[in-house]
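First to last, the protein sequences are chains A and B. If you're matching positions, the first sequence starts at 373 in our numbering and goes up one per residue. If you're matching positions, the second sequence starts at 373 in our numbering and goes up one per residue.
Treat the hints as calculated values from the structure; they're not laboratory data. As the structure is a computational prediction, the values presented were derived from the model and not from experiment. Every residue, glycine too, gets a C-beta built ideally from N, C-alpha and C. One thing to keep in mind: the hints can contain errors.
To be verified - Each pair of labels, with its calculated beta carbon distance range:
(1) A:Asp-545 / B:Asp-557: 47 to 53 Å
(2) A:Pro-560 / B:Met-373: 56 to 62 Å
(3) A:Lys-680 / B:Glu-572: 18 to 24 Å
(4) A:Glu-413 / B:Glu-414: 46 to 52 Å
(5) B:Thr-587 / A:Asp-545: 27 to 33 Å
(6) A:Thr-579 / B:Pro-596: 56 to 62 Å
(7) B:Glu-572 / A:Gln-573: 33 to 39 Å
(8) A:Pro-638 / B:Ala-588: 26 to 32 Å
(9) B:Ala-513 / A:Glu-572: 56 to 62 Å
(10) B:Gln-616 / A:Thr-587: 32 to 38 Å
Protein chains: 2
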Amino acid sequence: MNREALVDTILGDRTREIGGAGTAFAPANIALCKYWGKRNEELNLPVTSSLSVSLGSLGTHTTVEPAGQDAILFNGDVLPTNHPIAERLLKYIRLLCGGSTSGVSVETRNSIPTGAGLASSASGFAALVKALDQACGWNLAGRELTILARLGSGSATRSIYPGFVEWHRGSRDDGMDCYAEALDDQWPDLRLGVLTISAEQKRIGSTAGMKQTTTASPLYQAWPGKVAEDLPRLRTAIEQQDFQQLGETAESNALSMHATMIAAQPPVLYWLPESVGWMHRIWDARREGLPVYFTMDAGPNLKLLFLKEDESMVMRFAPDLTVVDLWEQTSCSRQGRPKT
Amino acid sequence: MNREALVDTILGDRTREIGGAGTAFAPANIALCKYWGKRNEELNLPVTSSLSVSLGSLGTHTTVEPAGQDAILFNGDVLPTNHPIAERLLKYIRLLCGGSTSGVSVETRNSIPTGAGLASSASGFAALVKALDQACGWNLAGRELTILARLGSGSATRSIYPGFVEWHRGSRDDGMDCYAEALDDQWPDLRLGVLTISAEQKRIGSTAGMKQTTTASPLYQAWPGKVAEDLPRLRTAIEQQDFQQLGETAESNALSMHATMIAAQPPVLYWLPESVGWMHRIWDARREGLPVYFTMDAGPNLKLLFLKEDESMVMRFAPDLTVVDLWEQTSCSRQGRPKT
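Bound-form chain A, shown alone:
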């Protein structure tokens, strides 16, 4: 199975033509149980399932429409069509809509604060597939959108929905049972804060880091077992709003993911000195009674997890924290719940 065949299976006899304008928003997401490692690179099939929380109104707004020639407006800047970002977006559009389209205009804007160290490819591809769904009139179900989003970027699978989202690894070779679904639970008092240590481009991208870990880390073999332990713990913690269990599990899961990378030869170490300084500070704060946990992705920044009731204490502890309202919805979020 290649990606073209997968797209054909999903779209069936639907038109591939961008008939009009389509506009959509998709949130960024932070995994509480991480996605690290592909079992199939062509189809972006992950080795394990993962579980995330979407970042409310932080994400990507995208409009696509037919045009005489390709034009990409990215965060207000016109990108040349041979720019890496433009190429990646256009390649994805051609994959879904075929090569016959004369041209497409894409206007995409991230509401993620610049330099917060939050990846925008997840929300970017999720917003793009939703915009294409509208522009082409496909009217796909959420599950199908998550499968198509996956072909743009693995973690985009989870950015189709707000709230807590589980991405199921599936077991089929064709990837048709590898999709995301939203959990029913909401947790309005849960807070996530981004602690930006460095906004610099990292030396090793996520895809390269994943590949290096899966092929050259002897400890990676134990990672699926760790995920199998953590997923049910997280589901239970979310269902029961058990913050300690959520925090402990998410933090341990992130540290274990980084541990698999550190053991690769050569090693993949996204941590900077300040990352480790903040880890020790967080553990010290917990010992002193402040319920705050962290998670980390393929970069040096920490994302803090805490409850609304502790927000002022946490802000005194980390004044530069960017706090995200996880439950705020934007007006054009397609699957979004109404703003309360």
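Since the structure of chain A is already known, use the hints to place chain B on it.
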């Protein structure tokens, strides 16, 4: 099998009485393939084999002799007999010599620079058992000394010998095939330098850190496999004086050991911000052509590995480095090779 029975097996019908004075030196050692995890705590039997290099004349000088009552002189200070260090030494002496001895005087002095972050328990127990061997006239073989040293401290097993030393895990429950032996190879141009980041007492001791890792780290299950890969690589590197292979393997082994700890729940993180800062600096230096690698033990300090020919470059890179002459022998080193 308990430790008393193991001692009986080794000493047989030899006297347990400290008949006169015994004096010995044992070097500290740094593992290139780490010992991390016990399969038997009573007998200090390790989960895996390990391989170290002894630190030349850096280690412990110890004299024991019979006395009217117990007296411990430690680095020039009289220790009260209920001091934790004194208690540990006396308990070990009683284990080997029985409770009948009226008293014993121990004078022990570390030649390890203060604050270098080098453990002194390995050389301490190795020197003590050698001094007792002399004082009691046991005349034990090296292998038997390594087994007895193990009962004081696991890594003391490797401090009985100078140079490269392999500690075999063995498979017997009684620990009689779990001993160390010296490798034939010398490598006079190999240098080791200690980069002291913090001389503070660490929050989690090695024994506690090991136990936490073996019982609560899902990645630890892959550690024996990593050691099984690294040991033959190190032996070949030493035989062939292949510095790149030695450095890459030792560094990767240390990082993997730390990775198993980082994945424990709760985590064991001995690294400080400066530890990570130096890792990145070392990788940068290697990319710029300086052949320097690091290893780390259960603490924040780095030990650099390099060759004599690069010593001046390495000293410019890390001016505060304490360089160890691995092949310098002290005059009272019992198993020591003659000084050349």
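Going down the list of hints, with the structure as the test:
1. A:Asp-545 / B:Asp-557: 47 to 53 Å: The hint (47 to 53 Å, Cβ to Cβ) holds, given that Asp-545 (chain A) and Asp-557 (chain B) are roughly 50 Å apart.
2. A:Pro-560 / B:Met-373: 56 to 62 Å: Check passed, 59 Å falls within 56 to 62 Å.
3. A:Lys-680 / B:Glu-572: 18 to 24 Å: violated (37 Å)
4. A:Glu-413 / B:Glu-414: 46 to 52 Å: holds (49 Å)
5. B:Thr-587 / A:Asp-545: 27 to 33 Å: violated (38 Å)
6. A:Thr-579 / B:Pro-596: 56 to 62 Å: Check failed, 30 Å falls outside 56 to 62 Å.
7. B:Glu-572 / A:Gln-573: 33 to 39 Å: holds (35 Å)
8. A:Pro-638 / B:Ala-588: 26 to 32 Å: holds (28 Å)
9. B:Ala-513 / A:Glu-572: 56 to 62 Å: This hint holds: roughly 58 Å between Cβ atoms.
10. B:Gln-616 / A:Thr-587: 32 to 38 Å: violated (20 Å)
In this structure, the hints that do not hold are numbers 3, 5, 6, 10, in rising order.
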